[in-house]
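Participant: As a plain string of letters, each chain reads:
2 protein chains.
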Amino acid sequence: MSQLDAFFQPHTIAIIGATETPGFGMWTTEYLLKSSFKVYPVHIKKEQVFGHTAYHNIKDIPDEIDLVIILVPTPHVLQAVQDAIEKGVKAIIIESAGFAETGRSDFRQIQQQITEAAKSSGVRIIGPNCLGVTNVHNRFTSAETDFTNVRPGNIAIIAQSGVLGNIILDWAFYEGIGFSKVITLGNKADLDEMEILEYLRDDPSTEVICLYVEEIRDGKRFLQIARDVNKVKPIIVVKNGRTASGARATLSHTASIAGDDRLYEAIFKQAGVIRANDFYEMFDIAKGFALQPLPQGNRLAIITSSGSLGILASDEAERQGLVLAQLSSQTEAQMRENAPDWVSLRNPVDIGPAQLAMMDQCLTAVLQDENVDALLWIEIIPERVVNNLGLPLRKPRKIIQTFGMQRGKPTFVTTFTGPRMKALLHQELDKFKIPITISIQNAVRAIARMLQYHKFKAKFSA
Amino acid sequence: MSQLDAFFQPHTIAIIGATETPGFGMWTTEYLLKSSFKVYPVHIKKEQVFGHTAYHNIKDIPDEIDLVIILVPTPHVLQAVQDAIEKGVKAIIIESAGFAETGRSDFRQIQQQITEAAKSSGVRIIGPNCLGVTNVHNRFTSAETDFTNVRPGNIAIIAQSGVLGNIILDWAFYEGIGFSKVITLGNKADLDEMEILEYLRDDPSTEVICLYVEEIRDGKRFLQIARDVNKVKPIIVVKNGRTASGARATLSHTASIAGDDRLYEAIFKQAGVIRANDFYEMFDIAKGFALQPLPQGNRLAIITSSGSLGILASDEAERQGLVLAQLSSQTEAQMRENAPDWVSLRNPVDIGPAQLAMMDQCLTAVLQDENVDALLWIEIIPERVVNNLGLPLRKPRKIIQTFGMQRGKPTFVTTFTGPRMKALLHQELDKFKIPITISIQNAVRAIARMLQYHKFKAKFSA
Numbered sequence: 006m007s008q009l010d011a012f013f014q015p016h017t018i019a020i021i022g023a024t025e026t027p028g029f030g031m032w033t034t035e036y037l038l039k040s041s042f043k044v045y046p047v048h049i050k051k052e053q054v055f056g057h058t059a060y061h062n063i064k065d066i067p068d069e070i071d072l073v074i075i076l077v078p079t080p081h082v083l084q085a086v087q088d089a090i091e092k093g094v095k096a097i098i099i100e101s102a103g104f105a106e107t108g109r110s111d112f113r114q115i116q117q118q119i120t121e122a123a124k125s126s127g128v129r130i131i132g133p134n135c136l137g138v139t140n141v142h143n144r145f146t147s148a149e150t151d152f153t154n155v156r157p158g159n160i161a162i163i164a165q166s167g168v169l170g171n172i173i174l175d176w177a178f179y180e181g182i183g184f185s186k187v188i189t190l191g192n193k194a195d196l197d198e199m200e201i202l203e204y205l206r207d208d209p210s211t212e213v214i215c216l217y218v219e220e221i222r223d224g225k226r227f228l229q230i231a232r233d234v235n236k237v238k239p240i241i242v243v244k245n246g247r248t249a250s251g252a253r254a255t256l257s258h259t260a261s262i263a264g265d266d267r268l269y270e271a272i273f274k275q276a277g278v279i280r281a282n283d284f285y286e287m288f289d290i291a292k293g294f295a296l297q298p299l300p301q302g303n304r305l306a307i308i309t310s311s312g313s314l315g316i317l318a319s320d321e322a323e324r325q326g327l328v329l330a331q332l333s334s335q336t337e338a339q340m341r342e343n344a345p346d347w348v349s350l351r352n353p354v355d356i357g358p359a360q361l362a363m364m365d366q367c368l369t370a371v372l373q374d375e376n377v378d379a380l381l382w383i384e385i386i387p388e389r390v391v392n393n394l395g396l397p398l399r400k401p402r403k404i405i406q407t408f409g410m411q412r413g414k415p416t417f418v419t420t421f422t423g424p425r426m427k428a429l430l431h432q433e434l435d436k437f438k439i440p441i442t443i444s445i446q447n448a449v450r451a452i453a454r455m456l457q458y459h460k461f462k463a464k465f466s467a
Numbered sequence: 006m007s008q009l010d011a012f013f014q015p016h017t018i019a020i021i022g023a024t025e026t027p028g029f030g031m032w033t034t035e036y037l038l039k040s041s042f043k044v045y046p047v048h049i050k051k052e053q054v055f056g057h058t059a060y061h062n063i064k065d066i067p068d069e070i071d072l073v074i075i076l077v078p079t080p081h082v083l084q085a086v087q088d089a090i091e092k093g094v095k096a097i098i099i100e101s102a103g104f105a106e107t108g109r110s111d112f113r114q115i116q117q118q119i120t121e122a123a124k125s126s127g128v129r130i131i132g133p134n135c136l137g138v139t140n141v142h143n144r145f146t147s148a149e150t151d152f153t154n155v156r157p158g159n160i161a162i163i164a165q166s167g168v169l170g171n172i173i174l175d176w177a178f179y180e181g182i183g184f185s186k187v188i189t190l191g192n193k194a195d196l197d198e199m200e201i202l203e204y205l206r207d208d209p210s211t212e213v214i215c216l217y218v219e220e221i222r223d224g225k226r227f228l229q230i231a232r233d234v235n236k237v238k239p240i241i242v243v244k245n246g247r248t249a250s251g252a253r254a255t256l257s258h259t260a261s262i263a264g265d266d267r268l269y270e271a272i273f274k275q276a277g278v279i280r281a282n283d284f285y286e287m288f289d290i291a292k293g294f295a296l297q298p299l300p301q302g303n304r305l306a307i308i309t310s311s312g313s314l315g316i317l318a319s320d321e322a323e324r325q326g327l328v329l330a331q332l333s334s335q336t337e338a339q340m341r342e343n344a345p346d347w348v349s350l351r352n353p354v355d356i357g358p359a360q361l362a363m364m365d366q367c368l369t370a371v372l373q374d375e376n377v378d379a380l381l382w383i384e385i386i387p388e389r390v391v392n393n394l395g396l397p398l399r400k401p402r403k404i405i406q407t408f409g410m411q412r413g414k415p416t417f418v419t420t421f422t423g424p425r426m427k428a429l430l431h432q433e434l435d436k437f438k439i440p441i442t443i444s445i446q447n448a449v450r451a452i453a454r455m456l457q458y459h460k461f462k463a464k465f466s467a
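First to last, the sequence lines map onto chains Y and S.
With the working numbering, letter number 186 in the first sequence gets 191, and the count goes up by one each step, no holes.
With the working numbering, letter number 252 in the second sequence gets 257, and the count goes up by one each step, no holes.
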């Protein structure tokens, strides 16, 4: 058992500053009090919160407490931390904002005292200026997560910023992305991403780790830990504050010093960590790792019914160090059966409006071809066709499953259509674990990064 | 009247190869025969098509014909063209594929003969290997466009590829993008993008021109024409085939020679044409031009409730040559009213969970600030909040309208949420012509490109 388990699987929870007033903290209070977790509200004045007995001080609670969530305003936070330590709790989440990120020296000083309290007592603290933790599998959250819109899965996110965590969950639900745990770290007065990385390395419900950081304070330690974790599970990172303007903004966000981006680039590279440019790219790559086998080589096949999009994908493949697979003559012959004269069967395979008739034979042939390591299928069936003919995707998904997954060939589907078609695609492909992206570039990058990770792992297992 | 009007506003149409058999061409035949256009089906054997009298040859039709649509297989296309010329038609669209793009010399030769037939007769031809033309305003289409899913507007697209045109319309509908005309050019045996550009320059229903090309055959002529058109209406271009792999793919797609990308880059730059990296970026930029005023300077203000996303936007702003506006002390004071202590009011303004209470005062103050030339509002209201509180967007849209548009300050809204929130945003913002993007980077790029265009125009009007 790790001490950090108290954050993710607390048996008993106290909420200091529990509130039934609409606004920050109310939703968390209400959700946890109504949940199956054992929760004690603490409020300096109130006798009851949402019908539950409230305690004026955490020390009055007649039970051991695993985890404390602190919601009170800045001037009261240090006292709350000290009370919790006296009570003998294991873990504290401080959600309150108004510390080092404001630039005010008095607030910065309080944060410093919180750090010292953690160090001297051994209690572990997440925050301040964050939303804490969500465990999707046991439905514990300090972060206002609405579980009706969250898909359980094997991707963990570590995010510095609070609001961002929830927004990612909102968006990801409709993208078919499933999560294990979400951790927002805020100003990192005690716990930082390194320890969370180590925790997630050993977490059986997590297979892929997404990390958003604004600052890494100890580059050397990060390099060591990230490389070590990365050997077990891939880490995908978004690091903002790459320019001078961005760097100034990180300072007022979480009091982070963004630092020289070239230094970060070097650290990520040495650690084998995958760097994404934005959140969409991060999660498209994460989907690949979460759902598909790693590619064994760099030979990409592209099947499309829009030549233009096939070219766009070819451009991106070359930029990312992939090559267009040379399809065998057997594959071309297999595809040529029943194909109209005008169809171009060189890779990128462009079957145009013949897609409904030919998709199955093309997928089968290409995924069996020994010259192919990975497949991108750029699906662009117009909504009108779907509405008239129904969805002709049951056979393709079976083929990808049979010939792709079993042979370690990752397959991505990119769709460039309206939301109705996208919803239908998800309905058909999600249960077969076939990732769908709306960006061709991101699908190609995901395959390239999975290959990069395959090579990184091979180096260490050799 | 331009000769090209026959493509967009034909009074009489003949369809050679009209068909009621499911497959390519059926939908166009059926749609046009049922439309209010005067349409004559031509079929070598049939007496009737969809209940309309069919003619065995176009020359048998007892009426003048403006436009011919040719759907027959490659070996019959040249004869159909010659018949149409003898009939004295003004314009021909050849949709059939199977010409130079196949690499076969016999097919290439037929295409060459088509080119010569056009040149010697004076008839104008679009295609082959395309879907022709859609005019959204009068609902003429040779391109299987489903008008129930198309929004009329002021953006025209010229696309080489056929399928792509329809897919763009499918996708764009849900993005709130409105079109005037869509033209797919295919192998460009006669008409190319230059003449279409000139036509669109004079088209009163078009304000912004989006151009997808795989090859420009006469760079000098393109430079001249594009520059000339660009002085009147902005041209946004996606040019694929930038790498060797992509270039090989263009050859089998539309027999295009992609050429040296650096040369294209130089031509686009000299012509003042805006280059986008992909279709999403293209249309996010087009939305800005279609809906918003041009910025008068490079000072960007960012309002967000996620500090992380504010930083991401700041990074992109600097990369694109924009600067973060220094907000005046008056603006900060106006925003500070009723603001909690912990809110960071430096640009990027991060109002966190206080967004519902503070958005109006922030938007008002920032849009009135003389140090601000453009605004990006990164909206990230969680769906749970929206569901509980209703949509608090009526006031913001009014403020953007009042203070942004009237002062020539372009405003973009970026949303990083699920589709329900996105749909609500569109519902509230579309009628006020406020563009919504799902990519922060694209919103920033759109503002930067609009500024670039503003400078380009200023140079010529001086």
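Honestly, the hints are just simulated from the structure, not real lab data.
You may find that some hints are simply not true.
For chains that are exact copies, the list does not tell them apart, and a pair is met inside one copy or across any two.
Here are the simulated SDA-like cross-link-like pairs (lysine to any residue), alpha carbons at most 25 Å apart as the crow flies [said to hold, decoys possible]:
| id | residue 1 | residue 2 |
| --- | --- | --- |
| 1 | Lys-400 | Pro-27 |
| 2 | Lys-39 | His-431 |
| 3 | Lys-400 | Asp-365 |
| 4 | Lys-95 | Arg-109 |
| 5 | Lys-225 | Ile-90 |
| 6 | Lys-92 | Thr-369 |
| 7 | Lys-238 | Pro-78 |
| 8 | Lys-236 | Ile-66 |
| 9 | Lys-238 | Phe-465 |
| 10 | Lys-403 | Asp-10 |
Participant: Each hint needs a verdict: does it hold in this structure or not?
Facilitator: We went through each hint and held it up to the structure:
| no. | hint | result |
| --- | --- | --- |
| 1 | Lys-400 <-> Pro-27 | between (51 Å within a copy, 21 Å between copies) |
| 2 | Lys-39 <-> His-431 | neither (33 Å within a copy, 35 Å between copies) |
| 3 | Lys-400 <-> Asp-365 | within (7 Å within a copy, 52 Å between copies) |
| 4 | Lys-95 <-> Arg-109 | neither (30 Å within a copy, 75 Å between copies) |
| 5 | Lys-225 <-> Ile-90 | neither (31 Å within a copy, 76 Å between copies) |
| 6 | Lys-92 <-> Thr-369 | neither (64 Å within a copy, 48 Å between copies) |
| 7 | Lys-238 <-> Pro-78 | neither (38 Å within a copy, 54 Å between copies) |
| 8 | Lys-236 <-> Ile-66 | neither (44 Å within a copy, 74 Å between copies) |
| 9 | Lys-238 <-> Phe-465 | within (13 Å within a copy, 57 Å between copies) |
| 10 | Lys-403 <-> Asp-10 | neither (40 Å within a copy, 48 Å between copies) |
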